[in-house]
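Trainee: Generate coordinates for the entire structure from the input sequences, incorporating the hints supplied.
So the sequence lines, in the order shown, correspond to chains H and E. Mind the numbering: the first sequence is residues 1 to 65 in our numbering, read in order. Mind the numbering: the second sequence is residues 1 to 646 in our numbering, read in order.
Just so you know, these hints were derived from the structure itself, not from any lab. A virtual CB, placed ideally from N, CA and C, is assigned to each residue, including glycine. Don't take each hint at face value.
[Claimed, not checked] Listed next, the stretches of chain H that the computed footprint assigns to chain E, with coverage defined by at least 3 CB atoms under 8 Å from CB atoms of chain E: (1) 20-30; (2) 38-47; (3) 50-63.
[What the hints assert, rightly or not] Result set (SDA-like, lysine to any residue): computed pairs, CA atoms no more than 25 Å apart in a straight line: (4) Lys-587/E x Phe-484/E; (5) Lys-599/E x Phe-484/E; (6) Lys-28/H x Arg-293/E; (7) Lys-60/H x Leu-227/E; (8) Lys-39/H x Arg-478/E; (9) Lys-469/E x Ser-8/H; (10) Lys-60/H x Lys-599/E; (11) Lys-41/H x Lys-599/E; (12) Lys-39/H x Arg-468/E; (13) Lys-41/H x Arg-293/E; (14) Lys-587/E x Ile-58/H; (15) Lys-41/H x Ser-151/E; (16) Lys-131/E x Ser-151/E; (17) Lys-39/H x Val-460/E; (18) Lys-39/H x Asp-482/E; (19) Lys-39/H x Asp-489/E; (20) Lys-469/E x Pro-61/H.
Listed below, chain by chain, are the residues.
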Amino acid sequence: MQVTVNGSERILEEEYSLRMLLSDLGLKNMVIVFLNGSKLKVSEYDILTLSEGDSLQIIKPVGGG
Amino acid sequence: MFPDGKILKVNLSERKIEKEVLPASIYRLYPGGSALGLYLISRDMNPKVDALSPENNLIFSVSPLTGLPISGLSRVTVTTKSPLTDTIGDSQAGGFFPVSLKGNGWDSIQITGKADSPCYLFIDGDNIEIKDASSLWGKVTGDTEKLIKKSLGREDLDICEIGQGGENQVKYASIMNMCNRANGRNGTGAVMGSKNLKAIVLVKTSGRRPKNMVKFTELTKNFQNRLAANEGVAGLGKYGTSGDTLTFSDSGWLPTRNWQRGNFPEGAENIDGGTMYDTVLKERDTCFACGVRCKRVVEIEGKVDPLYGGPEYETVGTMGSYCGITSLETVCIANQLCNMYGLDTISCGATISFAMECFESGLLTLEDTGGIDLSFGNDKALIKVIELIAKGEGIGKLLALGSARAAEVIGGNASEYVMAVKKQEMPAHMPQWKPGMGIVYAVNPFGADHQSSEHDPFVVMPEDSEIRKRLAKVGFNRDYQDQFQLDDDKVRFAFDTQCFFSITDTLNLCQFVWGPSWELYGPEDLVELCKYGLGWDTSLFELMRIGERRINMMRQFNAVNGFTKTDDKLPKRLFKSFVGGPEDGIKLDEQEFTRALEKYYEIAGWDSQSGNPTKGTLRKLSLEWMVDLGEEKLKSTEEIKQKVMN
Numbered sequence: 001m002q003v004t005v006n007g008s009e010r011i012l013e014e015e016y017s018l019r020m021l022l023s024d025l026g027l028k029n030m031v032i033v034f035l036n037g038s039k040l041k042v043s044e045y046d047i048l049t050l051s052e053g054d055s056l057q058i059i060k061p062v063g064g065g
Numbered sequence: 001m002f003p004d005g006k007i008l009k010v011n012l013s014e015r016k017i018e019k020e021v022l023p024a025s026i027y028r029l030y031p032g033g034s035a036l037g038l039y040l041i042s043r044d045m046n047p048k049v050d051a052l053s054p055e056n057n058l059i060f061s062v063s064p065l066t067g068l069p070i071s072g073l074s075r076v077t078v079t080t081k082s083p084l085t086d087t088i089g090d091s092q093a094g095g096f097f098p099v100s101l102k103g104n105g106w107d108s109i110q111i112t113g114k115a116d117s118p119c120y121l122f123i124d125g126d127n128i129e130i131k132d133a134s135s136l137w138g139k140v141t142g143d144t145e146k147l148i149k150k151s152l153g154r155e156d157l158d159i160c161e162i163g164q165g166g167e168n169q170v171k172y173a174s175i176m177n178m179c180n181r182a183n184g185r186n187g188t189g190a191v192m193g194s195k196n197l198k199a200i201v202l203v204k205t206s207g208r209r210p211k212n213m214v215k216f217t218e219l220t221k222n223f224q225n226r227l228a229a230n231e232g233v234a235g236l237g238k239y240g241t242s243g244d245t246l247t248f249s250d251s252g253w254l255p256t257r258n259w260q261r262g263n264f265p266e267g268a269e270n271i272d273g274g275t276m277y278d279t280v281l282k283e284r285d286t287c288f289a290c291g292v293r294c295k296r297v298v299e300i301e302g303k304v305d306p307l308y309g310g311p312e313y314e315t316v317g318t319m320g321s322y323c324g325i326t327s328l329e330t331v332c333i334a335n336q337l338c339n340m341y342g343l344d345t346i347s348c349g350a351t352i353s354f355a356m357e358c359f360e361s362g363l364l365t366l367e368d369t370g371g372i373d374l375s376f377g378n379d380k381a382l383i384k385v386i387e388l389i390a391k392g393e394g395i396g397k398l399l400a401l402g403s404a405r406a407a408e409v410i411g412g413n414a415s416e417y418v419m420a421v422k423k424q425e426m427p428a429h430m431p432q433w434k435p436g437m438g439i440v441y442a443v444n445p446f447g448a449d450h451q452s453s454e455h456d457p458f459v460v461m462p463e464d465s466e467i468r469k470r471l472a473k474v475g476f477n478r479d480y481q482d483q484f485q486l487d488d489d490k491v492r493f494a495f496d497t498q499c500f501f502s503i504t505d506t507l508n509l510c511q512f513v514w515g516p517s518w519e520l521y522g523p524e525d526l527v528e529l530c531k532y533g534l535g536w537d538t539s540l541f542e543l544m545r546i547g548e549r550r551i552n553m554m555r556q557f558n559a560v561n562g563f564t565k566t567d568d569k570l571p572k573r574l575f576k577s578f579v580g581g582p583e584d585g586i587k588l589d590e591q592e593f594t595r596a597l598e599k600y601y602e603i604a605g606w607d608s609q610s611g612n613p614t615k616g617t618l619r620k621l622s623l624e625w626m627v628d629l630g631e632e633k634l635k636s637t638e639e640i641k642q643k644v645m646n
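Mentor: Now the structure itself:
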């Protein structure tokens, strides 16, 4: 299936979970995920399965150093 | 039970050593680090003295927690009047020196006067000596440490020192320890140099035992699991602070070519922490008892000595993207030079990038630069100019003043290219993307500082995240869809997290390990640390008050020196939209920013006309003794001391 991640198209297998996608990107829970314009809760990261045409914005917040 | 404080007082003019015991009832209000330094300097010194005069105090402070066996607890604060900003000066450094300072029985060393010839201070418990340093003057930091150890015939020493930068009183000279840990900002090294003080040498000591070992262990057990579960801090360990440089650039928030752009596609990947990890990183170093191991140690054979550590994100930014430099090798060499000579990498790189823009716009010519082509991206020029700055030669003599003063000399429209607040050059985090942080850049008493409040992106985290749960404990509980808003809640977020960061600079905690959101340990852990580490049964309320007290002390010190809200200004460039690139259209809205600043002053309890603390706010914070500080120009320190004790 095809989804959009931060403006770029990505082909994923069917029944691909959000957690699997985050893992592909090297991310865990310190991340902000908007799915089709709505911000997800962290508790949803482990239960959500992605669908064809989903649009995701994934933001890793970074502080100072 | 809160302890008394032990202050070592050294008068270099009279070569006099005295000791002071600060009663616990007072020490608890100013419990170490920055707050303790502020208390001593405000109590004992006329705030209006010239920063490079013998009267200026140079104060090194640790905290009652320093040396406890847990990550992030070995830092030292230097407090002085800054020769760069003419405000209060404040700077922290890590390593092992802080633990040895505490281990030798001292909470603070307060240095006044000026030695009649170069000297260094030797401390072995209560045995304090002022030793001759004439043979060390002119030596780089690495040679200084080696020669001191050789002359004393021992290796078990922790040393902080200045290089030629401090000796030549470069306005942004730093104080180094271990040759790679820097009290970098505000020109503290220049003050040390003005006193003919080359180094402070401590006999190395070990850490301390917690008051309640069993309960304390609850904080340290399963450390590796805690670290592994915190991807932010774990990432710092592997790739260092510059591990997100490429991401910053791709997102449009990497200051490039003196802040003309936020995107550095031609160079960001080359200088990123991931590239450093894959190429020149030799090992990861750490501070006392810290399991994070975030410090870079790089090696380039024949060119970069691991003794001088490696570049952090700020250096990668200021010596890299600010100056258009695409070579990681050049950035590493620049970092090494700054650590050898004792120069703040942020102000040094930013001042050179200012000069590069002046050169490219014709305000500086080849004649001015002594034939050096100071175009952006010129690696050789960057290296050459750092050397000249340290030695006060050629164009280096002008740039040693910092960008703001150099602009006054250059004239024309050079001031438009100064990217500084209160004459301190801005670090590599862009207020256009982080407007709450931008508020603190503007109001921070010692100039623009990126480690004085939490950064905006964390307000967007989901409300059920650990980060938001922690932020709620310091008063922030609002859901944002993006990081750009600058409404009342964001201003409160800026102020409240500023108070929390102010606690960490008082207790001398590493801000990667201890903080209000993404860090390894949060607010509730800090209360437990104080209780089980020290036997100090405190609360988050008391701690936030301490943080707020410190900010107000700094602001009041500045008020005496004539600073007002008119000095809380960001460079005009930040209010102009970028065109093109990932930063297209991004800017700070000037009207919104001005409104937010006014709200900040209200929230902080500061006068709306002057922007300075009101009498009511000072009294709330037990600072009634500072209420008349501005009117007591020549008040004797004895009279002020009496006021404080009463």
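Trainee: All hints, please: hold or fail.
Mentor: Taking the hints in turn, this is what the structure says about them:
no.	hint	verdict
1	20-30	holds (count 4)
2	38-47	holds (count 5)
3	50-63	holds (count 5)
4	Lys-587/E x Phe-484/E	10 Å, holds
5	Lys-599/E x Phe-484/E	17 Å, holds
6	Lys-28/H x Arg-293/E	21 Å, holds
7	Lys-60/H x Leu-227/E	18 Å, holds
8	Lys-39/H x Arg-478/E	14 Å, holds
9	Lys-469/E x Ser-8/H	32 Å, violated
10	Lys-60/H x Lys-599/E	29 Å, violated
11	Lys-41/H x Lys-599/E	31 Å, violated
12	Lys-39/H x Arg-468/E	14 Å, holds
13	Lys-41/H x Arg-293/E	31 Å, violated
14	Lys-587/E x Ile-58/H	22 Å, holds
15	Lys-41/H x Ser-151/E	62 Å, violated
16	Lys-131/E x Ser-151/E	11 Å, holds
17	Lys-39/H x Val-460/E	9 Å, holds
18	Lys-39/H x Asp-482/E	10 Å, holds
19	Lys-39/H x Asp-489/E	19 Å, holds
20	Lys-469/E x Pro-61/H	16 Å, holds
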